[in-house]
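Asks: For reference, the chains in residue letters:
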Amino acid sequence: MTRYVLGRLGSVVLILLAVCLFTYLIFFKLSPDPAVMICGKTCTPDRINSIRDVLGLNQPILTQFWEFLRGIFAGRQYGSVHCPAPCLGYSFQTNESVWSMITARLPVSITVAVGAAVLWLLAGVIGGLVSAVKQGTWWDRTAMALALGGVSVPNYVLALLLQYVLVVKLQVLPFPSAVPFADNPVLWFESYLMTWVVLAVGYACLYARLTRSNVIDTLSENYFRTARAKGLSGSLIMRRHALRPALTPITTIFGMDFAGLLGGALITETVFGLNGIGKMAADSIAKNDQPVIMAVTLLAAFFVVIGNVVVDLLYTALDPRVRVVSS
Amino acid sequence: MTTTAGGTGAALLEVPEVGPSAPAGGPPTSGRRIPTTITGDKGALACLVFLAIVVLMAVAAPLITKLSGWGPYQFDSAAINSDLGGVPHGSLGGISGSHWFGVEPQNGRDLFARIVYGARVSITISLSATLLTGILGVVLGMLAGFYRGWVDQVISRLMDFLMAFPALIFMIAILSSLPSGNRPVLLVVVISVFGWPYLARVIRGQTMTLANREFVEAARASGAKDTQVVFREILPNLRGSIVVMTTLAIPGFIGTEAGLSFLGVGVSPPTASWGQMIASSVSWYSVDPMFFAIPGAFLFLTVLSLTVLGDKIRTLIDQGEAA
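Chains as they are written, first to last, in full-length UniProt numbering: chain A, 1 to 327; chain B, 1 to 323.
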């Protein structure tokens with residue numbers, strides 16, 4: 001087991017390195033010269049050169065990449081400015097430290113992701129379970145038709161629609177803004193509610209369909225019939241014999257989806273103007289702010305890769321059939 | 001999962017003579033059964049009709065706009081009220097006899113024409129991306145699953161790497177940092193590069209199981225070469241999965257294209273795109289909701305129809321396999 005975990009962690013490091021290198025090459029090689037971008041309007045060749053020097057842009061690309069990597073773990077010196085340990089550089093636009101930009105915005109993205117995840121897990125799993133038990137009834141058919149519809153709405157369309165109906169027309173919700181919970185819990189809830197719903201709808205529909213088909217599969221298994229035949233109570237069978245095996249695959253997908261969301265819900269955050277990681281990504285891309293793009297890509301890849309490992313480990317814990325044989 | 005009792009039996013019998021009848025493979029009924037069942041189902045039929053209309057719009061766009069009277073790039077300043085900042089004249093966003101879906105606020109371009117041309121962009125890009133993803137996914141997935149060993153290692157690591165990428169962020173970033181060149185082609189390439197691993201993963205797994213089946217062994221025993229085994233024995237048995245996965249991928253790609261255009265990195269401005277129309281409707285939707293509603297509805301209904309049909313086909317193929 002330890003060997004397996006270590007092996008997985010090794011591949012995590014490799015994948016992250018590859019992502020890092022690839023991103024670095026694309027954004028620092030293909031994009032316009034960062035020195036010119038920082039320099040701004042009052043620019044002289046001398047100034048550009050000194051900026052290039054400070055950023056280390058005159059060195060070979062692999063040296064630059066190595067410096068970047070070292071900066072993440074050991075900090076880095078930009079001319080006279082020292083950038084402390086998790087150093088991801090400074091924004092070309094605002095001169096802010098990229099790491100502090102991330103830490104400032106991460107809470108918003110986490111709030112968005114956690115709220116949406118709770119919503120879609122509850123709605124998806126319960127909806128799917130009820131549909132499976134009542135298979136073939138009008139409830140099942142309506143729920144599944146709705147689920148197909150929900151999967152098909154692009155989230156920005158849903159976001160704009162909700163904003164139009166609830167905020168502009170009916171005025172039951174305020175325009176979303178990232179209000180801290182401590183300041184005003186009610187406003188906090190109202191601000192995030194639409195974001196949660198918009199993000200949750202698609203996933204909830206997918207999970208409902210998945211739960212339904214998984215539960216239906218288990219209901220026809222022999223062990224389920226045995227459990228029923230020996231007279232176990234309905235709720236106990238449901239919980240122990242139907243739900244548990246049906247939910248194991250859900251855990252896998254959930255881990256991946258949740259990890260993906262932590263890296264920022266780019267479109268939804270942008271539409272609602274919530275200042276999370278996703279909006280930061282969109283803004284930095286629009287302004288060609290390479291250090292920020294780089295950091296956001298790395299962060300998102302980090303969440304996905306770690307999520308993958310956690311899911312695999314959880315899976316072995318949940319499903320006794322999947323035990324790793326170290327080979 | 002993909003093999004059928006009938007298909008396997010047929011393949012076993014036909015192994016020695018690799019005649020022209022062998023590639024047909026699979027259950028002989030599925031070709032007829034799917035169309036008849038779909039036309040028998042009202043919901044699926046409605047989806048099919050809607051899709052047919054969208055495809056027709058895409059194919060015959062110039063002809064249709066000639067009939068409707070307004071091209072997608074023509075400005076009609078008479079249709080908008082310049083005193084109110086360019087809000088369309090009349091109710092419902094200026095829907096009238098000459099502008100069937102109303103006009104765009106501010107510049108008065110005909111919405112119907114732009115929807116029709118937008119369908120063209122949507123369909124072309126999503127179909128090309130599906131084709132490219134399908135080829136990449138099937139070929140690489142089969143290579144990995146069939147040869148195993150280092151080929152599998154290389155392809156699998158590449159898939160891990162691509163799937164770990166935050167695809168959306170990366171697509172946007174790449175598209176915005178490469179401003180020149182042919183936008184639609186770039187879109188197709190970028191979408192496909194990040195899309196194929198999801199298909200390849202499934203194909204790889206199924207190829208692995210298929211490669212161990214008796215009929216493959218029988219084919220080998222009777223002297224079939226690798227290419228023959230791959231094309232005559234394995235590929236026909238993957239047909240179900242390929243059909244299902246690619247059908248269900250099309251709506252995803254339509255959504256991605258619209259999403260990228262919505263974010264301003266898709267097809268470039270004068271060209272009409274549904275996502276772009278939705279993006280520009282954002283600043284207008286409190287005074288002219290139709291400008292948002294029409295492209296939004298087209299996008300939603302197209303994706304919905306494709307999803308419903310894909311789902312239907314999957315159910316039918318699964319049933320065929322169970323039978």
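Just so you know, the hints here were simulated from the structure itself, not pulled from any lab data. All values reported here derive from a predicted model rather than from experimental measurement. Idealized CB from N, CA, C, for every residue including glycine. Any given hint could turn out to be false.
As the list claims (entries may be wrong) - Only part of the chain B face toward chain A is listed, based on derived beta-carbon distances under 8 Å:
| id | residue |
| --- | --- |
| 1 | Phe146 |
| 2 | Tyr147 |
| 3 | Met159 |
| 4 | Phe161 |
| 5 | Ile169 |
| 6 | Ser177 |
| 7 | Ala221 |
| 8 | Gly223 |
| 9 | Ala224 |
| 10 | Gly255 |
| 11 | Ile278 |
| 12 | Trp284 |
What the hints assert, rightly or not - Using C-beta positions, here's what the derived DEER-type ranges look like:
| id | chain 1 | residue 1 | chain 2 | residue 2 | range |
| --- | --- | --- | --- | --- | --- |
| 13 | B | Val189 | A | Val310 | 28 to 38 Å |
| 14 | A | Thr2 | B | Gly40 | 55 to 65 Å |
| 15 | A | Ser233 | B | Asp226 | 53 to 63 Å |
| 16 | B | Val282 | A | Thr142 | 29 to 39 Å |
Asks: Does each hint fit the structure? Answer for all of them.
Replies: Hints, verified against the model:
{"no.": "1", "hint": "Phe146", "verdict": "violated, 21 Å"}
{"no.": "2", "hint": "Tyr147", "verdict": "violated, 19 Å"}
{"no.": "3", "hint": "Met159", "verdict": "violated, 11 Å"}
{"no.": "4", "hint": "Phe161", "verdict": "holds, 5 Å"}
{"no.": "5", "hint": "Ile169", "verdict": "holds, 5 Å"}
{"no.": "6", "hint": "Ser177", "verdict": "holds, 5 Å"}
{"no.": "7", "hint": "Ala221", "verdict": "violated, 29 Å"}
{"no.": "8", "hint": "Gly223", "verdict": "violated, 33 Å"}
{"no.": "9", "hint": "Ala224", "verdict": "violated, 31 Å"}
{"no.": "10", "hint": "Gly255", "verdict": "holds, 5 Å"}
{"no.": "11", "hint": "Ile278", "verdict": "holds, 6 Å"}
{"no.": "12", "hint": "Trp284", "verdict": "violated, 11 Å"}
{"no.": "13", "hint": "B:Val189 <-> A:Val310: 28 to 38 Å", "verdict": "holds, 33 Å"}
{"no.": "14", "hint": "A:Thr2 <-> B:Gly40: 55 to 65 Å", "verdict": "holds, 57 Å"}
{"no.": "15", "hint": "A:Ser233 <-> B:Asp226: 53 to 63 Å", "verdict": "holds, 56 Å"}
{"no.": "16", "hint": "B:Val282 <-> A:Thr142: 29 to 39 Å", "verdict": "holds, 32 Å"}
Consistency with the previously given hints fails for numbers 1, 2, 3, 7, 8, 9 and 12, ordered from lowest to highest.
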